[in-house]
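Chemist: This is what each chain is made of:
4 protein chains.
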Amino acid sequence: MTLRSRFGKEMDDLAKGYTVSVPFDQRLYKQDIAGSIAHVRMLAKQGIISDKDAELIVMGLISIGEEIEQGRFEFKEELEDIHMNIEARLIEKIGDAGAKLHTARSRNDQVATDTRLFTKEAIAETVTRIKALQQVVLNQAEGNKSVVIPGYTHLQRAQPVLFAHHLLAYFEMFQRDVERFQQCFERADVLPLGSGALAGVPYPIDRDFVAKELGFSRVSANSLDAVSDRDFVIEYQAAASLTMMHLSRLAEEIVLWSTAEFGFIEIDDAFATGSSIMPQKKNADVAELARAKTGRVYGHLMAILTTMKALPLSYNRDLQEDKEGLFDSVDTILSTLEVFAAMMASVRVKAARFRQAAEESYTLATDIADYLVRKGIPLREAHAIVGRLVRYATETAKTLYDLDLGEYKRFCPGFENDVKSITVESSLAARSALGGTAPEQVEKALAAARRTLHGT
Amino acid sequence: MTLRSRFGKEMDDLAKGYTVSVPFDQRLYKQDIAGSIAHVRMLAKQGIISDKDAELIVMGLISIGEEIEQGRFEFKEELEDIHMNIEARLIEKIGDAGAKLHTARSRNDQVATDTRLFTKEAIAETVTRIKALQQVVLNQAEGNKSVVIPGYTHLQRAQPVLFAHHLLAYFEMFQRDVERFQQCFERADVLPLGSGALAGVPYPIDRDFVAKELGFSRVSANSLDAVSDRDFVIEYQAAASLTMMHLSRLAEEIVLWSTAEFGFIEIDDAFATGSSIMPQKKNADVAELARAKTGRVYGHLMAILTTMKALPLSYNRDLQEDKEGLFDSVDTILSTLEVFAAMMASVRVKAARFRQAAEESYTLATDIADYLVRKGIPLREAHAIVGRLVRYATETAKTLYDLDLGEYKRFCPGFENDVKSITVESSLAARSALGGTAPEQVEKALAAARRTLHGT
Amino acid sequence: MTLRSRFGKEMDDLAKGYTVSVPFDQRLYKQDIAGSIAHVRMLAKQGIISDKDAELIVMGLISIGEEIEQGRFEFKEELEDIHMNIEARLIEKIGDAGAKLHTARSRNDQVATDTRLFTKEAIAETVTRIKALQQVVLNQAEGNKSVVIPGYTHLQRAQPVLFAHHLLAYFEMFQRDVERFQQCFERADVLPLGSGALAGVPYPIDRDFVAKELGFSRVSANSLDAVSDRDFVIEYQAAASLTMMHLSRLAEEIVLWSTAEFGFIEIDDAFATGSSIMPQKKNADVAELARAKTGRVYGHLMAILTTMKALPLSYNRDLQEDKEGLFDSVDTILSTLEVFAAMMASVRVKAARFRQAAEESYTLATDIADYLVRKGIPLREAHAIVGRLVRYATETAKTLYDLDLGEYKRFCPGFENDVKSITVESSLAARSALGGTAPEQVEKALAAARRTLHGT
Amino acid sequence: MTLRSRFGKEMDDLAKGYTVSVPFDQRLYKQDIAGSIAHVRMLAKQGIISDKDAELIVMGLISIGEEIEQGRFEFKEELEDIHMNIEARLIEKIGDAGAKLHTARSRNDQVATDTRLFTKEAIAETVTRIKALQQVVLNQAEGNKSVVIPGYTHLQRAQPVLFAHHLLAYFEMFQRDVERFQQCFERADVLPLGSGALAGVPYPIDRDFVAKELGFSRVSANSLDAVSDRDFVIEYQAAASLTMMHLSRLAEEIVLWSTAEFGFIEIDDAFATGSSIMPQKKNADVAELARAKTGRVYGHLMAILTTMKALPLSYNRDLQEDKEGLFDSVDTILSTLEVFAAMMASVRVKAARFRQAAEESYTLATDIADYLVRKGIPLREAHAIVGRLVRYATETAKTLYDLDLGEYKRFCPGFENDVKSITVESSLAARSALGGTAPEQVEKALAAARRTLHGT
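First to last, the sequence lines map onto chains Z, H, X and P. Heads up: the first sequence is residues 0 to 455, going by numbering that gives the first Met the number 0. Heads up: the second sequence is residues 0 to 455, going by numbering that gives the first Met the number 0. Heads up: the third sequence is residues 0 to 455, going by numbering that gives the first Met the number 0. Heads up: the fourth sequence is residues 0 to 455, going by numbering that gives the first Met the number 0.
What the hints contain is simulated information worked out from the structure, not anything from laboratory work. There's no promise every hint is true.
In this list, chains with the same sequence are indistinguishable; a pair is considered to hold if it fits within one copy or across any two.
[Stated by the list, open to error] The calculated BS3-like cross-link candidates involving lysine-lysine, where the alpha carbons are at most 30 Å apart (straight line), are:
1) LYS8 with LYS349
2) LYS15 with LYS349
3) LYS75 with LYS8
4) LYS130 with LYS119
The shape of chain Z in the complex, shown without the other chains (with noise of 0.2 Å):
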C-alpha cells in the first residue's frame, strides 16, 4: 500500500523520522478502531460495500484489537500513523476487502475523530476524579468540623474560619471544574467522519448512524470546519490549566502548613519522602510537584495556541502537533488528582496549634471595630481607632486579652466592658450570612456539597 504512486522517489529517511506519529498516536488505536468499525458498518447499511467485505473488515479490525491489547502487533514506522498500521495490517490479514476500508472517509477526519472519542474519554475521567478528590475535601471538611484555623489574607492572619470553610472554597473551585470540562465535552461531542479530506465525501453516507454507533450526540456541520478544528484540544488544556492552577494553591497550602514553622498539618509518611543526605528530612514532594506540573500544563495550552496561530483553513500538517501535549496533559492532571485525593485522605489536622495562630495576631480586631460601629461610631473612626490600638498593643508586647479596659477606653470611651466578649467563637458566629464563616453556614455549605456530589 503507498501513497506515493505520484512520486519519483520514496521518502527521505529524515523527512519519515520528523513526520511520523505512530510513535505517540498508537494511543489512540482503540479509538481508532472503533471508529473504522462503525464506518464501514455504515458502509454496508448504505450499500457502499458489500456485508460480506464488512463482515471480513470487522473480524480483522477486532483481531488487530486484540493483537495491540496483547502486545503483539509490530508498529512499523514506515507506515507514518497509527490509521495506515491498522489499514495495512488489515489487508495483510484479509486481503483486498481491507483495501476497501478506506472508503468515503479520510486520514483527515479520521484523526479528528479519533482525537474527539479520546478527549471525551478523557474529559470523563478527569471528572470523575476531580470529583474523588472534592469527597476527600470533603471528609477532610466533615471530620475536622471544629477545627479554627487562622483565615490569611496576604499570608498574614486576617481573621479566625473554621477549618472547614477554608477547605470548602477548595470545593467550590473544582467544581467551577467540573463545569468546565462538562461543558467542554459537549462541544467535543461532535462528530467529524464523513467529512472526508476537507469537502466531504462522494458517497451516500449516513453520518447519524455512524455517530450513534459511537455515542457522539451530534455530526459536525461544517466539513472544512470539522477537520480543522482543535478548539476542543485547546478548551481541555485550558480547563486542565485551570484546575492545575486550583491544585497549586492547595498544594502551596500543604507544603506551607508542613513546614516547621506553621506545623499545622503532617503529612503521612506514606506520602513523605526523604533526603540522600539530610537524614532529617521528612518533605512534601508530591505537593511541591503538583504545583510545579502546572507549568507543564500551562506550557501545553500555550503550545496548541501557538501552532494554531494563522493557519489557513483547512487541515494542515501543523495539526498533530495536537496530540503529544493533550496526552500529557490528561496524564499530568489524572496522576496529580489522583496522589491528591490520597494525600489529602492522609492528612493529620493539628488542631490545637491552628487553634492558637488563629487566636493571636490581633485577628479580633475587625470584631472589635465593627463593635465600636455598633457603638454608632462610624466605620472608617472605628477602623482608625482599633489600628491605634493595636499599634499600642504592639509596642508594649500585649495581646487584646493582655489588654485592661482602662486601656481600652484610652482610644475610645465607647469602649465598655463586654469588649472582652469578643472571642473567635463570637467572631466565626457573627458571620452568619450565605457564605460566611459561622458554624450554621458550614453546616449548611457541607450539606449543600454533599448534595452536590451525591445529589441527595
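Given the structure of chain Z, go ahead and fit chains H, X and P onto it with the hints provided.
Modeler: Chains H, X and P alone, transformed into the frame defined by chain Z:
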C-alpha cells in the same frame, strides 16, 4: 481618612507609586458606584444604617458618578484605588454619613464585585460583536453563493468547494466562541459582595437583595473562595484567545488571498494602507494587525495564569494584576471584531480567478479515484492508479482535461468515456451528506446560520 | 502630506483607529528625532540634500523636540504614527525642505532604529537598577554577617547557613541577569537605518557615519533582516522574564519571612500596607505585587514570540505589536527593581528568631551522619543510623541536644562524647570549600561581590 | 539502601509513581557516571576515601555504563531516579565501597551537574546543526546568485531583490542564534558539584579538580544558588524558541513558495508527502511540522518559567520538572535543523517564475519616485505623483512598462525618456550601500558568510 493608624509612618513614595491602582481601576467607576448604591440600599433595608444616611450616600454617589462622567473628578494617587477615591470624595461631600458606606464590606469583596460586573458587560458586548461579524460572514456567503474556490489542505489545492462553504467554517468557529463566552458569563454571574475581607461580615446583610439590584443570578457560596477567585478572568482570557486564534486564521487568509499571487479578493481601498516609500503598495494592515494581536491576548492569558499559580488563600495583592490584562484583551477583541466586520463587508470577491484556481492543479483527482471505486476497484488501488495518472500528466505538462481516453486507459482499463463528465460541478454535487460542500447542503447550512443569528 | 494618492478613497475610521500607533509610539519621539537628525546630517554630508536644507531640518526637528518636551505638540491620530506626526509638523514649520527628510529611508528602517535606540537605553537603565539592588543585597549581607538561619530545601529546615550566604545567592542570580542584558545590548547595538523599506536605498548613503552619530557599534549586514528582525525585543523580554523570576523568588521569601509563623524579618512600616477593614493588618503588598508582575512580563514574552511566529519576510504590520509589551516590561522591571531595592534596604532582620529556627528541627543531622562517616562508617549506613535516631527523637519529642550518649550509642556504638561538639558553628565552619557557607568563604564571597560592583 | 529509616512506613505506591523520575532522567546516565567518576577520583586524591575504594568504584561505574549502553541494565522505579539506580547497582556489584560514593555530595548538586553536562552537549550539537543549515542556505544562495525575486513587505510585492539576499537574511538570524547559544553555554559551563544539599559539604574537597575532569570552566560561587539555579535551562529554552521562530518564518516561506499560486520553488519528492485520499497532492509537511513545533518549544519555555516562579530557596522538588521539557526541546530543535538542512538542499528554484513576479506589480514604483527626487522633486511630492501614476495604470490595466512618456508626463512634466531605463537591474544595482541588495553587496555578503562559517 487613613488606613494607617496602625503604622508609625506614612508609606514610602516608591511603594505608593508601585502599589497604586487608580490609574487603571478608575475604569471600574461605574461598576463601583453601582455596587455601592446597591450595598447601601441593602444596609438601610436591613436597618444597619439609617434610611437618611443611605439616601445621602446614594445621592452623593450619583453625583460623584456625574463628576467622573464629566471629567470633573480629580483622581488622587495617594488614595490608592478607585474605591478609596470615591469613598473619600463621598465623605468630603456628605460628611460623616459617608464614612458608613464601607460598613459590612471590604475592598476584597468590593473589587471582586466590580470586576465581575465589568466582565459580564464585556462578555455581552463581545458576543454582540461576534454575532455582527457572523452576520457579515453570512452576507458574504450568501452574496457569493455560486462562487467556487479551490479548497486547500496544506495550502495545496485539494478539492473544489463553494466559497460560501468555506466562509461558513468560520461561522461555526465563531458560534463555538459565542457558546464559550456565554458559559463564561454564567460563572461570572455570581455576587461576591457580602464575603467581607475573607470570612463573611458580622452584620445581618441581605445578599440576595444586592444580587437582584445588580443583576446577578446567584450569590457566592464561600467567602474565602469569593474574594480570591479569578477564574472568570482567566476564562475570559481563554475564550478571547480562542476567538483571536479564529480571527488570525481568517486574517491569514485575507492576507494570502490579497496577494498578487493568489489574487482572489480585493480589499476595499478604505481598509488598505500604503507605504511611506513605495507608492504602489496596497497592504492589508488591518488583517495583519488582527493576526498579530493574537499574541497579545495569548500573553494576557499566560500572565494571569502565572500570577494565580500557587497563591495561598485567600486574597493576596497579586490579584490586583488581573485587571490591566483583562481591559486590554477586552479592548483588543472588541476593536478587532468591529474592524474585521467592516473590512469583511467591503471585500470584493474575484469569482473568475477563484474558479480558475479551482479547476487547475488536478483538484478532481479524488473524484476520478472515487469513479474507479464505483467501477469496483478497491479504494487503495484506485488511489495508486490516479497517482500515476497525475504524475504522467505533470511530467507531460497536461491537465486532466487534456488527457484523452487512451491515455486514461493506459493507467486503468476501467476508465470509460464518462470519466470526462467529472467536473467541478459534479464534484461539488457529490458531496451531499450533511456538512459537505454540495450546493444543497450549503443552502441548508446558510438557512441554519440565519436561524442561529435571528432565531427564525 | 498623504501616502494615499494611489487609493480612490480615504481610510475608514475604524481601520484608522485600529492601525494607529501614535498613542503609544509617541514614547519614541526622542529616538525618532535623534535618528532623523543623524540621517539628515548624513544626507547633507553625502550631497544628497543641500547643507541649507539639512540645517533647516535639524533646527526644525530640535524645535519639535522642545514642543513635545513641553507638552505643546499636538499628536494627531490621523497621522498614524510618531514618524509621520513629526514629519508633518516639520513640513508645516519649514516647508518644502521638510519633505526631503524622508529621502533615502523608510518607516521600516526608521522604526527599527528608534526601537533599538530605546531598547539600548532601557537595557542600560535596567542594568543600573539591578546593580543598585545588588548593592542593597550586599549591604544587608554585610550588615548581618553573623546572622545564622536555617537553610531550606523543600521549605523544610535543612542545614544552618549564614544569612549573608543566602542573600549572596540572589547576588549571583542578579549577576547573571546583568550579563544577559549586556549581551542582549550587543545584539541591539546594530544600526538598521539605511535598509530602506526592505532592499536598501538607491542613494550614496554613509551608514557608518549615521551609526557613529547615534552611538551604534555596527551597521546591519542585510536589509531584509534589518527591517524585520525583532530578536532584540524578544531577548529583552526573555532576560526580563528571568530577572522577574528571580525577584519573584526573593519576593516569596519576603512574604514568608514576614508571616507571623516565620517571623524572621520585619518590613519597615513605610513599605507595608494596611487593610480597609482589618485594623491590625500589616501586609507586604510590594513583594506580592512584584511576585505577581512576573506573570505580566512572561505574558509579554509569550505575546511577541507568538506574534513573530511564521511571519514571512520582510516587514509585516504585525511587527508594530512589538512596542507596547516592550514598554510595559521595561516599566515593570525598572519600577520593581527600584522599589525592591528601597524595601530591602529597610528590612529589619530578627537575628534571634532566625538563630532559634536554625538550631531546631534536627538541622545538624547531616553533620552527625558525616561524623559517623569520619569514624569509618559508610555514608549510606551512617545516613540510616541517623534517620533512626531522628525518628526516635521525634517520637520521644526530644531534640538532638536532649539525647544523652547512651541513647546515641543505642543506634550506633561508634558515637562518642565528641558528638556533643557538633554545633551550628561547627556545621557552618565545616562547609569551607569554595561556594560553601563557612564564614571564611562567605567573607571571600562578600569581597568578590564588592569587587563585582565596584571593580576593586 | 534506603533513605527512609526516619519514617515509620514505606512510600505509598501512588506517591512513588508520581515522584519517580527514572523513566526520563535515565537519559542522563552518561553524565551521571562521568560526574561520579570525577567525584570519586577527587575523594581519593583528597584522602577522603581510599585509593582502593576509589578504584573499585570507578571500575564499577564503568561497567554499569556498559550495562546501560548494552541494554542489560534494569532500571527500577522503586529506586526513584537515575542516581539511586546507579548507586544501588554499584553497591550490589562492589559492596561496601559503593556506599562511599555519595560521600561529600548530595543529589541536589549531583543532578544539577548532570543537567549542566547534558545542556552543554546539547548546545554544542545545536550550534553544529545551525551551522550545517547555514551552510545549506549559503549554498543555495551561491547556487542561485543571479536569481531575482520580488521582495515582499506585508506579503505584497515591494521591490526586486536577489534571492541570495533573501536567503542571507536567514543566515543572519541563524548567526544570532549561534551567538546566543554560545553565551548560554558559558553560563551553563559552571560546576555545581561540591555544593552538597544546599550549604556546601563538610569535607576537604577539591572542586577545581572535579571541574577540570569534567570540562567545566568554572566552579559555582554560592552553594544555595548552585543547587536551585535553572537559569541555564530557561536560557536554552529561550534561545531554542528564537531559533524555532526563525525556522517557522523560513518554513512559512517554503509553504507559500510551494503553492500553486506562488510556484517559486519545488520541494524534492523525497521531502514531500501525499494524501490518503487525494492522489494529486504534494504537500510540504516537513515545513508545516517545523512551523507547528515552534509552539511546542514556546510551551516548554513557558512551562519552566512558570515552574520557577516564586520558588523559595533552595532546592525544591519542583526543579525535577526541568528535564522533560529540556529533552523535548533539544530533540525538537536538533531534528528540525537536520531535516530542514536536507530539505533546503533539495529545493529547486524556479528562476523564471521568480523573475516574472519581480517584474510585475509595479515593483519599480519606488525607483521611479526616487528618479523624480533626483530631478529635484521633494520626496513626499514624488511619492504622491507616482501613487497617482500607479492608480492610473491599475485602472487602465497597464504595467509601468506599457505607459508611454506622454502618459508619464501627464503626472509630472519632469519625466523624461530616461525613465524607461529604470529596470529590475538598475533597481538592484542602485541599492549598493552596505546591507543592500545590489549584486556587489550581495557578493560581499556571501564572502562574509563563508568567512563566518569557515573562518577564512
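Chemist: For each hint, tell me whether it holds in the structure or not.
Modeler: Hints, verified against the model:
For the homomeric pair LYS8 and LYS349, the shortest alpha-carbon distance between copies (20 Å) is at most 30 Å, but the shortest distance inside one copy (72 Å) is not. Taking CA atoms no more than 30 Å apart as the test, LYS15 paired with LYS349 passes between copies only; the shortest distance there is 26 Å, against 59 Å inside one copy. In this assembly of identical chains, the alpha carbons of LYS75 and LYS8 lie at most 30 Å apart only when taken from the same copy (20 Å versus 45 Å across copies). In the homo-oligomer, the alpha carbons of LYS130 and LYS119 lie at most 30 Å apart both inside one protomer (17 Å) and across protomers (28 Å), since each shortest distance falls under that limit.
The structure meets every hint from the earlier list without exception.
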